[in-house]
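Protein sequence lines, in the order shown, are assigned to chains R and E.
The first sequence maps to residues 0 to 435 in numbering that gives the first Met the number 0.
The second sequence maps to residues 0 to 462 in numbering that gives the first Met the number 0.
Derived by calculation from the structure, the hints in this document are not laboratory data.
Incorrect hints may have been included.
What the hints assert, rightly or not - Simulated coverage check for chain R against chain E, where a stretch passes if three residues somewhere in it have a Cβ under 8 angstroms from a Cβ of chain E:
1) 22 to 32
2) 72 to 82
3) 383 to 395
All residues carry an ideal CB built from backbone N, CA and C; glycine is no exception.
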Amino acid sequence: MEIPYTQQTLPNGLDVLVHEDHGCPIVAVNVWYRVGSKDECPGRTGFAHLFEHLMFEGSQHYDRGYFHPLQEAGALLNGSTSSERTNYWEVVPTNALDLALWMESDRMGYLLPALTPEKFENQRDVVLNERRQSYENRPYGLAGMVNAAALFPSSHPYSWMTIGHVEDLTEATFSDVQEFCQLHYRPNQASLALAGDIDTEHALDLARHYFAGIPAGSQPPELVLESPPESRIEQRLLLADRVELPRLYLSWISPAMFDAGDADLDLLADILSTGKSSRLHRALVRDQRIATEVGAIQSSRQLSSVFQIIATAAPGHNLTELDAAISVELDRLMQDGVTQNELERSRIEFEANFIYSLQHVGGFGGKSDQLNAYNVYTGDPGFITRDLARYQSVTPDSIQRAATRYFGKDRRVALSVVPHDHPDLALRESERAEAK
Amino acid sequence: MSVDRTELPPIGPDPLFTFPRPVKHTLANGLTIWAVEHGAMPVVSACLLLHCGSASDPENHGGLGSLTAALLDEGSGSRSALEVQEALRQIGARFNRHVTADATQLRMTSLSRFTGQALTLLAELGTCPTFDKEQFTRVKQLRLDQLVQARDVPSANANRIMVEALYGDHPYGHNPSGTEASIQTLTRDHVVDFHREFYQPAKATLILVGAMPAEQLLDQSATAFQLWCATPETRTTDLDTRCEAHSEGTQRERLIVMNRPGAPQSELRIGHRGVSRDTPDYHALRVLNMILGGQFVSRLNLNLREDKGYTYGVSTGFTFCRHAGDFMAALSVQTNATSESIREVLKEIGHIRDSHPVSNEELVQAKAALTRGYPRGFETASQVAQGFANSALYQLPDDYFTQVVPSVNLVDLETVRRVAQEYLVPDQLTTVVVGDRDAIATGLTDLQAGELIEIKHEDLISN
Chain R
0 MEIPYTQQTL
10 PNGLDVLVHE
20 DHGCPIVAVN
30 VWYRVGSKDE
40 CPGRTGFAHL
50 FEHLMFEGSQ
60 HYDRGYFHPL
70 QEAGALLNGS
80 TSSERTNYWE
90 VVPTNALDLA
100 LWMESDRMGY
110 LLPALTPEKF
120 ENQRDVVLNE
130 RRQSYENRPY
140 GLAGMVNAAA
150 LFPSSHPYSW
160 MTIGHVEDLT
170 EATFSDVQEF
180 CQLHYRPNQA
190 SLALAGDIDT
200 EHALDLARHY
210 FAGIPAGSQP
220 PELVLESPPE
230 SRIEQRLLLA
240 DRVELPRLYL
250 SWISPAMFDA
260 GDADLDLLAD
270 ILSTGKSSRL
280 HRALVRDQRI
290 ATEVGAIQSS
300 RQLSSVFQII
310 ATAAPGHNLT
320 ELDAAISVEL
330 DRLMQDGVTQ
340 NELERSRIEF
350 EANFIYSLQH
360 VGGFGGKSDQ
370 LNAYNVYTGD
380 PGFITRDLAR
390 YQSVTPDSIQ
400 RAATRYFGKD
410 RRVALSVVPH
420 DHPDLALRES
430 ERAEAK
Chain E
0 MSVDRTELPP
10 IGPDPLFTFP
20 RPVKHTLANG
30 LTIWAVEHGA
40 MPVVSACLLL
50 HCGSASDPEN
60 HGGLGSLTAA
70 LLDEGSGSRS
80 ALEVQEALRQ
90 IGARFNRHVT
100 ADATQLRMTS
110 LSRFTGQALT
120 LLAELGTCPT
130 FDKEQFTRVK
140 QLRLDQLVQA
150 RDVPSANANR
160 IMVEALYGDH
170 PYGHNPSGTE
180 ASIQTLTRDH
190 VVDFHREFYQ
200 PAKATLILVG
210 AMPAEQLLDQ
220 SATAFQLWCA
230 TPETRTTDLD
240 TRCEAHSEGT
250 QRERLIVMNR
260 PGAPQSELRI
270 GHRGVSRDTP
280 DYHALRVLNM
290 ILGGQFVSRL
300 NLNLREDKGY
310 TYGVSTGFTF
320 CRHAGDFMAA
330 LSVQTNATSE
340 SIREVLKEIG
350 HIRDSHPVSN
360 EELVQAKAAL
370 TRGYPRGFET
380 ASQVAQGFAN
390 SALYQLPDDY
400 FTQVVPSVNL
410 VDLETVRRVA
420 QEYLVPDQLT
430 TVVVGDRDAI
440 ATGLTDLQAG
450 ELIEIKHEDL
460 ISN
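Assemble the whole structure, with the sequences as input and the hints as a guide.
This is the structure we're talking about:
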């Protein structure tokens with residue numbers, strides 16, 4: 000499987016990738032900037048994401064908001080910020096490709112002249128409300144923050160979430176915006192992918208036309224981070240929340256994206272928890288009926304990944320029981336490994352998921368997004384072949400080795416989220432924690 | 000040539016697009032199959048549409064249809080529950096059930112090379128589930144546990160309170176998943192009877208979309224579904240009659256509050272009853288909704304998010320079902336701006352209806368957004384399958400997709416202003432607030448948005 004593409008790097012450093020797909024008269028415009036919350040410092044958390052919001056507030060030559068002309072052209076558009084990168088995309092009818100490129104290039108080159116303290120204050124309020132809606136007022140919503148802070152030392156940018164701390168957002172100033180923009184939002188820090196019903200040469204011409212005139216910026220300083228020290232002490236934490244049922248989060252630091260062991264743990268997560276016949280679902284939800292749900296995930300990131308098992312207790316059960324049941328399954332895994340049959344099914348699952356997401360030219364996970372992901376993370380937009388090969392080379396043995404290497408109890412963070420009036424449901428000997 | 004940044008580049012003529020058309024076939028058992036060749040990726044998406052949704056749940060047994068659907072992959076034909084799961088896993092198939100007020104959809108997506116197996120499985124799950132006693136007991140308990148878990152989800156509470164307030168004992172007056180109290184009443188016999196009554200070949204439509212010739216899709220599905228036999232009718236439940244029996248009545252302005260002490264935001268729903276899918280004003284109402292709250296640049300979102308910063312976002316929507324419909328605004332706002340946000344929503348509804356009617360510029364923008372964006376809904380196999388499932392459910396004409404853009408374009412200023420007056424009824428609006436009562440009480444009283452009713456957490460659990 001591949002996503003055929005043509006690549007050209009403009010003199011200002013902007014990577015342009017073009018993929019033709021004539022199935023539907025639409026084009027995806029997708030821009031990745033190599034900046035995320037990993038580039039923030041303690042005390043300045045949440046800024047990369049706040050800045051993403053400002054990118055939708057209008058630029059010098061069209062200052063009536065970013066959405067208006069694009070929605071009128073029939074576009075779907077959005078953006079997102081992660082620890083690794085910030086992306087922006089539009090899916091437009093083919094007749095609006097010029098418009099989309101005009102708009103994207105205007106905000107890449109001319110955002111600051113249109114930014115005002117009023118826009119900044121307004122979007123800060125919006126982001127604080129996003130934080131309330133998606134984290135503070137949502138059951139279990141603060142667990143991610145406690146986990147991040149426990150897994151990574153406070154100097155490490157993975158110790159906070161992309162949404163940031165309230166006090167940092169409150170203290171962010173309009174003058175921070177300029178510096179951040181000039182450092183990170185330059186063409187040499189970006190990758191532009193165009194995918195859809197277009198002619199490659201024409202698309203490259205358009206990309207040059209709209210983007211070549213934007214001057215390059217200086218190279219941001221290389222991110223120098225020591226890998227987090229290998230933990231040798233298990234952490235057991237308790238977070239009281241407005242929830243009915245307690246939930247257990249078990250987390251381990253795991254190999255970084257594309258490193259040895261990453262694909263193994265990806266497939267292992269699937270073997271453990273995808274579908275009702277998966278190991279953990281079967282044991283906890285079906286057979287023992289002590290959980291309402293269980294999930295496992297390898298969250299791959301550039302500096303370091305995290306492997307997590309998350310399980311919610313059924314009424315009448317506590318997290319010590321859940322932990323014991325999960326431990327039985329992990330011990331069995333480390334002892335006996337997985338079967339060839341389980342591995343094959345997970346490979347098919349992975350292949351199918353990949354193909355399902357590549358049915359879209361645009362949006363999150365569509366072909367344009369995937370080309371940019373490979374380009375930004377590996378420098379090779381055609382990395383798909385090597386990516387899939389990683390999964391082909393996984394064996395039951397290599398999964399067993401990865402499990403044994405990474406799932407030590409002394410390496411884990413065990414967070415219990417429990418109802419306010421029932422701390423007794425937590426994994427025993429847990430210490431109280433608070434979300435910052 | 001340098002870029003002209005003095006004005007936006009013009010948008011060219013709309014690209015031509017040929018909408019997919021199905022090849023239709025009816026099996027001897029009465030099952031209608033629609034097959035569509037679509038796409039280049041090796042994917043096939045199937046949807047078995049059954050014309051029974053949560054509205055078909057018997058009175059006081061809300062959640063029956065959804066629990067029935069939840070049990071389909073817990074054992075069927077000769078396969079045990081785990082064998083079903085294994086079979087799905089071996090081909091990487093996605094099996095999802097989607098129960099709405101009007102319909103149950105069983106959706107199966109698989110890689111093309113597994114089409115035969117996927118269709119065989121879909122047929123087996125849909126038509127011969129065993130409803131094993133032990134699995135029934137387990138899955139029912141799991142549903143109850145999930146409903147317990149949802150007690151603290153503000154949006155789930157707000158949605159439920161709103162649906163019950165708007166529809167009362169109308170067949171649409173409950174969520175498809177049911178409530179703790181209604182699920183408690185269900186027995187295995189209920190499930191078996193529901194399946195026997197509604198999962199009938201002559202009452203279903205199978206839609207298949209994928210990267211292979213339609214004839215081939217038809218052949219494969221005929222093989223898989225031909226053994227599905229109609230069972231004799233046990234009884235006839237006339238949903239039309241039941242719906243008519245619950246006339247809408249006059250709705251009054253109400254403000255329903257559920258306390259969530261210490262909540263940083265208030266979850267809001269503001270709405271009233273609307274119209275069914277067959278309304279001749281369907282497209283005009285969609286245009287109106289775009290302007291009021293149906294897109295980022297809508298009046299409500301620009302006001303409450305982009306001007307005031309009270310919320311991460313606000314949206315409105317008209318829901319058009321077979322027998323009824325509603326209009327609703329949904330948003331979550333910071334606690335100290337609760338009454339102010341409600342006031343603004345009510346004000347905007349009043350404005351677009353009366354004092355600040357839709358302008359020509361807004362009309363042009365909204366129509367363009369709807370029409371120019373329309374073809375992108377036909378990119379993937381599952382999107383196309385959903386489009387046709389909708390056509391089958393609401394008995395839309397075969398060329399419906401080609402009619403949409405011209406129909407939207409016909410909506411003129413006079414029409415959109417008329418429907419705003421006709422279908423937005425300020426003195427019938429129900430407002431639901433799930434938030435910190437003590438922090439917002441004074442503001443809410445000052446609002447004068449109708450009778451103030453308080454709903455307690457316990458009421459939701461015991462009903």
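ask   = Counting residues of the segment 383 to 395 of chain R with a beta carbon closer than 8 angstroms to any beta carbon of chain E, are there 3 or more?
value = Check failed, 0 qualifying residues.
query = For the segment 22 to 32 of chain R, do at least 3 residues have a Cβ located nearer than 8 angstroms to some Cβ of chain E?
reply = It holds, with 4 qualifying residues against the three required.
request  = Go check the segment 72 to 82 of chain R versus chain E for me, would you? Three or more residues, Cβ under 8 angstroms, otherwise it fails.
outcome  = Satisfied; 4 residues make the cut.
Of the numbered hints given earlier, the model fails hint 3 alone.
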